[in-house]
Structures are given as C-alpha cells and as structure tokens.
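Number of protein chains: 4
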Amino acid sequence: MSSSLGTLFRISTFGESHCKAVGVVIDGCPPGLSLTEEDIQPQLDRRRPGQSALTTDRQEADQVTILSGTENGRTLGTPIALQVANRDHRPADYSNMRDIPRPSHADYTYQMKYGIRASSGGGRSSARETIGTVASGAVAAKVLKEKYNIDIIAWVSSVGEIDATDIDSETITSADIDKSIVRCPDSNATARITALVTELKDLGDSVGGTVSCVIRNVPPGLGEPTYEKLEAKLAQTMLAIPATKGFEVGSGFAGSRMRGSQHNDPFIKKNNRLGTVTNNSGGIQGGISNGESITMRIGFKPPATISLPQDTVDFSGEPAVLEAKGRHDPCVVPRAVPIVEGMAALVILDMALLQESRMALQFL
Amino acid sequence: MSSSLGTLFRISTFGESHCKAVGVVIDGCPPGLSLTEEDIQPQLDRRRPGQSALTTDRQEADQVTILSGTENGRTLGTPIALQVANRDHRPADYSNMRDIPRPSHADYTYQMKYGIRASSGGGRSSARETIGTVASGAVAAKVLKEKYNIDIIAWVSSVGEIDATDIDSETITSADIDKSIVRCPDSNATARITALVTELKDLGDSVGGTVSCVIRNVPPGLGEPTYEKLEAKLAQTMLAIPATKGFEVGSGFAGSRMRGSQHNDPFIKKNNRLGTVTNNSGGIQGGISNGESITMRIGFKPPATISLPQDTVDFSGEPAVLEAKGRHDPCVVPRAVPIVEGMAALVILDMALLQESRMALQFL
Amino acid sequence: MSSSLGTLFRISTFGESHCKAVGVVIDGCPPGLSLTEEDIQPQLDRRRPGQSALTTDRQEADQVTILSGTENGRTLGTPIALQVANRDHRPADYSNMRDIPRPSHADYTYQMKYGIRASSGGGRSSARETIGTVASGAVAAKVLKEKYNIDIIAWVSSVGEIDATDIDSETITSADIDKSIVRCPDSNATARITALVTELKDLGDSVGGTVSCVIRNVPPGLGEPTYEKLEAKLAQTMLAIPATKGFEVGSGFAGSRMRGSQHNDPFIKKNNRLGTVTNNSGGIQGGISNGESITMRIGFKPPATISLPQDTVDFSGEPAVLEAKGRHDPCVVPRAVPIVEGMAALVILDMALLQESRMALQFL
Amino acid sequence: MSSSLGTLFRISTFGESHCKAVGVVIDGCPPGLSLTEEDIQPQLDRRRPGQSALTTDRQEADQVTILSGTENGRTLGTPIALQVANRDHRPADYSNMRDIPRPSHADYTYQMKYGIRASSGGGRSSARETIGTVASGAVAAKVLKEKYNIDIIAWVSSVGEIDATDIDSETITSADIDKSIVRCPDSNATARITALVTELKDLGDSVGGTVSCVIRNVPPGLGEPTYEKLEAKLAQTMLAIPATKGFEVGSGFAGSRMRGSQHNDPFIKKNNRLGTVTNNSGGIQGGISNGESITMRIGFKPPATISLPQDTVDFSGEPAVLEAKGRHDPCVVPRAVPIVEGMAALVILDMALLQESRMALQFL
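Protein chains in written order, with the numbering used here: chain E, 2 to 365; chain S, 2 to 365; chain B, 2 to 365; chain Y, 2 to 365.
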C-alpha cells in the first residue's frame, strides 16, 4: 500500500468507500498561506457524486474539514489534515457481489493481494479514494497560483467515439469547461456526449473517454531527471487515477510517427527568455519544463461496474451471471477533470519546491 | 536530480556521456543469487551504440564490471556497484552546439535547471545514462526468472508509419525479436523499417516509433495502490526513458472509445486460479496484477539531434542555423528495447519484494 | 516538516496542541489483524495528561477513533486513520508568552523556521503530538506480539539524582511498572521520586530523568546497515521524542571506558541458536539484532515550561521576566514510558517487514 | 540494506572490505561548486588505516577518484560518483574466523540476516564502509563552509578512563586537533592515551572512547520535526558509525539530573538575532537549530577484534578458542573523528536544503 506521494509537498491519503471518513494529510505545505475550507470545497464539488443526472446517484455533500495545520486561516507549515465524512453507504447493494468478483474491477486483485477486502463499495479502489487527491491538489494549486501564477486546466476531450474539436489550450478557462454538463468545452460535442451517456445509463452500460490538461506559466527548470522527470511523475500520477489506461505528453503517440525535422520545436526569443515556435514537446524537454505550456492527455476505460448481465465466474471458479447493483457512473471523465487537475498540481508543486532548494544553494 | 528508483530493490545511477564512467549501485538485491558480469553483458550489448549500421557510429564496448556486492559469483545482499567506462568521446563534435541549444533536446532545460551543463555529449540527458537501467534491470530480470519464471519481452512495434502486425504476445521470444536488425519480429515490417531508417540516416533526419512489451507469469497481487499502482510505476519508468511521449497499458487509448460491456474481461477458471477470457485490462486491475500477462506500449519521438539544418536561436536569442555534428541514432526504438525491459524488471521486482513482505506477515 | 516514519509500516502524524484533532495515518499494516479501539486505548491512557497528581492538570480523555482501514474489527491492509479530539484548550494561558519565547522551548525556533507559529499550546512541539506515535505504536506492538511474541517494556530508571536499582530487564513486566505512580519498578525509588516531583510541582520547577527499555524475543537479523542500522533507527526515533538529550544501547557510554577483552560478549549455544553470555552489545551487533534482548536508555531534560520567574528577553530582544502559565508536567518521564515503547515498536516492526521480504526471496 | 542517506543531498554507498572498490554516489549536490579530488582527499587521509603507529597496520592509500558529476572542476548538479580502490587485502588472515564468529562483531548477525557473508575482512561491516561517508561528507562540508561559513570540528574527548579537559568548543580548530597523534586537543591526555593504546596494541587488546563534535555558525531553522528533528538525524547517523553505543546532544545524560530552573537557557540579544546565555540545549530546541553552536558527544565501544584468546563457540555451537589474526585498530576513536564530521556535514546540508526550499516559498 503506498498511499503517499511527493518528496517535499507530501500527501498521505486514507479511507474506503464505506468507512467513517476519507481524507488526506499534507506534510510540507508552505507556511503562511491563507487557507480555509472555502479554498478546497469547490474542487470537491466538481468531483462529488450526484452532481448531475449523468453521474452516479450516490449523494454525498463531501464537505471538507481542516483538522490541523492552520490557525486563524493561515497555514503553520505543519501537517494539514483534511477530512470528509462518508454518509450515503448502502452496503446491501453489494450483497450479490460478495461471491462474484466484478469483471475488470479490483475485487479479485484486492482479494489476492491482501487476502481480505472491503465487503462493499469497492473499499480503497473506490473513486472516493480520489477525494484526498482533489483536496490536497486544491491546496497545491492555490500555492502555485499565488507564487507562480500557474494555471492548471483539464477538460473532457472525448467520450467514446465523440471527440471535442477546436480547443485552444492557451486560452481555455475553467468557466468555459464548467458551462458543459460533461466538462467538454465544445458545445456540439457536449450535446452528443450527453445523449450518449444518458442512453448508456438507461441501458446499464458504460463508456470510456479522455481528459486533456494544460498547465500554463510553469517556470523552466522543473523536473528531476532521471527517474523523476516531469513527464514521468505526471504519467505516474495520472495512471494512479482509477480507470486510466494511457498517458500522452505533447505530441504523444502521434509524435512516434513523425520525422525529427517535423517534430523538433525551434527556439525563438520570447520576452526575456527562449521559447519555442511549436510545442510538440508539450512543455518538457529532457524531463525538465522549458517554460512553454505543459500539455497532456489521459485515456480512461469505461467503468467496470455495469448493470447489464455479464457471464463470468464466482471466486470459486463456478460459472455465474453478474448484474451489478449499486450506484455507479456510466462515464467517469466529467468527474475525473478535478482529479487530473489535482494530480497535476501535486506534481508541479513538489517539483517546484525541489527546484527552489537547488536554486537557493547553487554556486553561480 | 532523482537518479534513484525503487523502495526495496533500489538503484542509483550516475554518469554523463563524456565523464570517466557511467554506472549504477543496486541496494537490496536478494542475497545468494548467482551473479557475474556474463549475466548483465548481453542486455548491454543489445543497448550499446554501434551495434549495427542503423545506429549511431559511436563505438563503445560497454563492458560492465562488478565492483562490489558479490563474492565467488554470489550476491552478498549488500550494494552491488556496476560500472562501464566511457571511451569514445569526441567533444570537438559539439563545439558548434555550445552556443545554440538543440531544438527539442535537453540543452536549454539543463542550462535553466542547473545554471550549468556538460559542454558536450548531452551530459546526463544522453542515452548513455540508460546503461544503469539496463545493467540493474538485467540483475532484476534474473531474480524474477529464477524465483517466479517471469519473462519480460519487448519489441519494436512501429517505426514512423510502419506498423508490425500479427505479433502474439503470449508466445513471442527474444530470439524472434533479435533475428531482426531493428528488433521487430514482423519480417515484412523489418524490411520496410530498415529501408526507412537507412534513408533517414543518409538524409540526416530521424524518425519516431513505438516499443511494445509483455510481462508473462506475473503472480497476482503486485502493485501498491493508490499512488504506486502497478501501471503507475510502469508509466513513470517508461516515461523516464529519453524521448518517450506516451504510455498505454492493455487496451490503452483504444479502450477509451469502448463500452463497458465490450471492454470488461470476464473471469474464467484457469488451473487453480481465476483468469480472464480477454485481456483489455493488460494484466492489471485496480492497480494490482491479476495473473494475466501485462501488456503495454510506449511511444518514442524522433531523436532531436539531426544534421539537417534547423532555423532556431542561440542562447542569447539571436537567430542561428544549427547543423548538428556528433554521432546520433536516426531512430532509437531498436536500442530502446532492452531499456524498456530493464525498467519493467526493476518495477516488477520491487513490487514483488513489497508483496512478499506483506504476505509474510498477513493474519489469515 | 517530516511527520512520517518508516518504510513498510509507515506512519504520518498530524495535529497541534490546540487544533481540532491530532492523529496518525498508518500505511502498510499487515492485513487481517484483529484491531479495534480497545487495542489502542490503553497505551493512550498511559500517556494522557491528568492521569495522576504528578502530571499536568490538563484533562483530556484522549479517546481514539478508527476512521478507516478496518472492517468488522479486522485490518484491510489499507491505511488506518486514527484520531483523537482536542478538547481542554485554554489559549488564554498563553497570552503572556506571545511576545516572550520560553527559554529552552521551541517557541523561538518554530518562529524562525516557519516564520509563523501556533499562538498557544506549543503547536506541533507540544507533547500532544506524541499521540500519533503512541497510537500507531500500539498497533505495531500488537503485530509484533502476535507474530513474534516480542515484548517491549519501558520504565523510569531515574529522576533527577534518584536512580532505580535492581531492575532485571529479562523478567520485568508492565504490571510491575504500572504499580508505581511514576512508572518506576523500584518501590523505594518511587517514593523518593514522588516526593521530589510533588515538591517541584509546588515550586513551579521541573526535573529531568531517564527511561530504560527492553525489547525481548527479537529474532536475529533485524536492522538495515549501514545508515538504518537497528540502533541508528532506535536512536533517531528516541531523539525525536520531545525533551530527549541522550541515547545509549547496551553498555552505552560506560562501554567507552572498557577494554575489548572485558566488553566482548562470548557466544554460547542457546537452544537451537547461538546466544551470548553477557549482553554489552544490547542485543545488536553490526547494526543487526542478534537474538538477545535489546536494551537501551534515553535521557530527558527537565521540561522547559516552568512557572518560576525567568530572566530572558522578548522576541524583539528587550529584557523581560517570564512566569509561564498553562498546565505543564514537572517531570515528563512517567508519561514518556508509552512513547518510548511506541517508538520502539514502530522501528522493530518496520525492520521485521524489511527482513521478511529479504528472507522470502533469498537464494539459499 | 539501506546504504542511502538524505532527502535532497542523498548519498548511496557501496563496497566491502575485500572487493574491488568502495565508494559513494552523491545525488543532489548543488551545481557550480568548485570540486576536485583535492577537496576530498584530506579527510580520507585522516580516516585511512596505517596513518600512525597507533592504528591498524593495513596500508591503503585510499586515493579517491571522481568518476562523474563534474566538468572542468565544477559540479554539474548531476550524480557525483566517488571511488577508492581496495588494494592491501589479506584474506588468509581470516581463515581461522570462517567457522568461529568473532564475539561482539557482525560475523554472526550478517550470517543470520543474509544467509551468506563475505568470507574475509568483515565485508560491509568493515570500517572501510565509512569511506563513502567521509568522502561525501567532505563535499557536504565544502558546501556548508562556502554558503554558510559553517565549521564542523570533532575530536577525541576520552579514551578508556582518560578524559580530555579544558576544551573550548567555541574556539577549537582542526589544526589544534591534528597536532595530537590521537586527535585529542589536550596534550596531557594525548600522552596518556598514546601510552595506553600502545600498551593495548602490544597486548592484543582494545579500548573504547568518546568523540565530541561542535558545529558552529548553523543558521536558526534547521531540522524537520517531528521524526527528523535535527538531533534525531544526528543521533541516527552517529549510531550508524561502527562501534558506537551512545549519543548525547547539549547537556546530554547529565541534563537528566538537572532542574528546569538550572537547565533552561535564557535568551539574550546577540547582534541582530536572539541567542542564549548558556547552551544546555546544544544549539537545538524543539528539534530545530537555534543559531547557537551544536554540541554532541558519541560513545564508541572497544573494537571487537582482538588477538587475545577468547573462549566462545563456533557457528555450530561447539566450544572454541578464538585468537583473531588480521590487522585491527586497538582504538577506533582517532580515525572516527573525520567520520563523525562527515556524518554531521551530511545531516546539516540535507537539512539546510530542506529549509531553503521552505523559505523560498513561504507566504510572509
């Protein structure tokens, strides 16, 4: 179990779907930051279940409480514990899944790993686990905004076969994105996605999608080669989000089909630094930010828990048909948007702290 | 700088392209393992420059020496230091690049991060840095083979627009792969790739590609949710390889276009455990191995150093034309195969050691 | 801020003296362990303020709640969050200390380190921070007892000039110790210590002391040379307890005055293993447990907060007289006993998990 | 095996007594530092065997080579690998110790831990392992001197019953110390210690001692509560030195006998900061440096390897008499001086880097 992330801005999360509370402890938050629950709640609201007709019907207000680490609305530099209560459990919904591991879910692997598993709600593999990421990510994002003017913005770039088009990552805003019920800033695509997800929810099926993310105003120099290159840490954290199957930075897999003479980003002078004409690099060269916007895309599979009947076997290997009950999302990507932003913020702030230390003691 | 990887099988690498030596220290290798240089050299030979007409002309024998941690050909459980000398430097080749950062290379970002950089050879961003990964990965792979019969096999699955087809990841062997000069087990694709790379080398251009990898016979239970899920650590390490732009596990981005009812992998009984009928999960569910083969694909951009003239600017922002000298690969994926295998071995062994500890003290 | 400890049994603590709650998250607890609040509360009761006339008058029940990581009284192998509310704050007691840093306390250094500090109660430097150690240590001790039959027993071995005598570390029990109001198993010394502490409490002064600890039934092989030798990790954790000034293992400083021919512990056959005739080594040789009892001693300074007037200066450097209010212990060692035991348990279990992993994959 | 230390200035050591080489990789050294072998060699010379008639007769020049991480005498910010060859092995000296574990040495515990051990020379438990600490510590000390003017000075404060007296830790210099063949700046004590050690060397016996250390000019604010308090990390690293049995900071165990009213260090104004009148705190309050000199003392047992006959048992438990051959120190403390200094430098620099990062991003 490794529920911790980061070297200098280090978080440790806890909580199952159906225990008393989920939360996170942040160790290493810069002291003196103005911080109250109001700074954190909006991102949790974007993540919470039941926020629209297209998400799971589980209702959780997901109100966060700061237990420690602040006084009079300022951080003390000490560990900040954030907690959200679990309220709307319905363990009975899981009774028929006690004996039958859900295909492509974590029931079987958790049982094999730990020899025991939470009897309901997915335990630690539940999306509720991401509350810690989102809450601590909101704190990290606030530091990044105030100290570096960094913006981290994610959106739904595809659902199933439906792709958003004409998104300008240099100008897109969170307001643009939240206008869409599915957090897709292409209104035409939004309409088609809404129709598709509604249909699948009724059918008891699910669908995958992708989330794109841009990080703007990142100073050059972030990233710790060789094993903690900036894209390596982003890839790790994005693939730590439930249901992810792929990660691309900059040109991504499309770049693998190109020639160097096409793909290279020529340098130009931009204000008082060097910039690049194109951004196939996605803002990262040699594992280190170059000052251009960091761009990435994350692929999510369709949620594994569907109510359509599935031919499978039970834990003892006997054939069984599973019709999952419980309240589940037909498509996770709209709710994944704040999770992606949270992961990005956690990585960027940790890397910024590492680089600040280096710059403070360099001999130049 | 984070040149270390792993919790229990922990490696720390060192060395620039043009310093005295490159190498790695392994801390946590199981004691009593039979180990000599002969166990490590073959993978270094698959990685070394100058191994074929299609790679860089730099000639390095890359002979490894075990400095510590073994006695009479057995590991002592103490740190194993592995070292490879650098011999064929030609710093003069880099003289015209002192002032002009190579587009899409690490020259600019290293300078911004450290305020100083190796004046020749790419320093730590050079592919020579991967020697430590490959050497320590060979040790990890030996442990995995002897203790679990795990096979880790990577191959070139595309170069530019040319895709290998009809590869069966359940039966492919390293011998199949090494028959191909470009490590692509599809002979038709090999011929086309060879022609393409030869042409680009003559032109002074470069091209990207993808490497696929399968890990067979992985026991269920490996992977440490939530931030060190198995696919998360694989994604991190693969994106830590120079020139990588994307990572997919199992169905990957294609899975993001599917319905849950198509994508879910039904369970069936396989011998004395549960297996799955399909493997869209790529051998991992909930961040934990499920006993099926782990499958993944990594995208590499075209090498940034090309000898074609490039319009760019120098460090001071003045327009300049760069025609890179030095000896560089027109396509890195054939030499990336042992690096991908090394990263995979390092991750899997570390996760196996973590799980062994858990199983030893569980209360069941 | 590093409020985390351990590699495989990893804890992260949080909480100031006067915030909403203090607590700890345990990551890596073996799954399947029977665990409820009743397993943890007794050690917290031994640590809590107000437990006797000789301790601070602050009254805190220190009732622990398990928020996550268990189901039906069994651990799931997932993070276990433990929480204790803060109730009996009296911030007003600290009003005269806002401007005057207490001599030998952490007021000044916290202010210098963080540029801000908790305005009352000592914040994170308060002894309340040790609740996380004690609570998680109780969980670790339970695992150690059930898996290895390990006993960890600490006691007060001196207060001021008064030394306990005739303690047999091989047979002493917690019951023996808890018979004494000051946790000193020598009844004669107990009487003298009680009189001394009572007198000092009335005077508004304080006094130091030492705690001794034995760990019995430790298997050979624990400890991770070279930087995480067993005594090194014990020294680190003991010196992380507030008010500690010294650490000894085995013969300690007295051993520095001896000859090798006196100090060496000859081996003898004990049952089916080797043991030693004497135990100057304190159960550790070369940083690794040898199977004999581990013995150590920890020195505590007198508490810094005293109500006697002290001539000092305020934060601006102006002369001032400080007469501390608040409720403080005249002597911390009786309450330090469960803290020492907790630290020892955390170290030993982490080292045991590391060694189990090694043994599981050794080639012998 | 944990042969790594540090978070931001991180070292990883390797090497047994009788393998090809010993060394260390430093990850995180500030870039741009002027660094050549000449900066490192003097401390290795103070540590090397054979340096005087009072140490082991093993002759090793211990010449260090920088393999990586510098160019033109400046650090690049990349890993610095330092290496020292082993030359004067005499494995035959150990033939009679193959079957008989040396009392109070690591032969038995290494065998129990790893199931295998180096057949000669003590392997990793040999004092040769400390070369990595000393070499990397010399680099750390150079950074600390140039950036903060920090001085780290250790000396022999006792051998057996002979105590050095009248040492002023505020003014003592390395030159004062190195005038003494036993690194004791009290000439009277030096004479008595020299006579004692000479006698014991002839007898084949050994003796313990203590090393004291002062760290001057440390800025306030270093140390990471709660588990990585400054004294906690110093205690860990000092107890990681072979043969250590005790650690004290400031008043140490003597402080445990004092009253608060005696022990507290009143604040006074010193230049533009607060200082303290006395220094029972040893420069650390609440785990954080307060700007006063850090003072500590470390106790070493007598070396375990003596040539006097010892009644013991062999590995199978059969009675045996051991008369150790090989070349061993009768007293380790003179050679321990640079090791203590190295450990101190490694801790202080790591803590300084952590604090620089915090200060760079604080909101004040």
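Treat the hints with care, as some may be off.
One copy or two, either will do: identical chains are not told apart, so a pair holds if it fits within one copy or between any two.
Result set (DSSO-like, lysine-lysine): computed pairs, CA atoms no more than 30 Å apart in a straight line [stated by the list, open to error]:
no.	residue 1	residue 2
1	Lys326	Lys271
2	Lys271	Lys180
3	Lys271	Lys21
4	Lys143	Lys21
5	Lys180	Lys270
Hints in this document: simulated from the structure, not taken from any laboratory.
Each hint tested on the structure:
In this assembly of identical chains, the alpha carbons of Lys326 and Lys271 lie at most 30 Å apart only when taken from different copies (27 Å versus 56 Å within one copy). Taking CA atoms no more than 30 Å apart as the test, Lys271 paired with Lys180 passes in neither setting, with 33 Å inside one copy and 49 Å between copies. Taking CA atoms no more than 30 Å apart as the test, Lys271 paired with Lys21 passes in neither setting, with 52 Å inside one copy and 38 Å between copies. Proximity of Lys143 to Lys21 under the C-alpha cut-off of 30 Å is found in both arrangements, the shortest distances being 28 Å within a copy and 23 Å between copies.
Taking CA atoms no more than 30 Å apart as the test, Lys180 paired with Lys270 passes in neither setting, with 36 Å inside one copy and 47 Å between copies.
Against the hints set out earlier in the document, violations occur for numbers 2, 3, 5.
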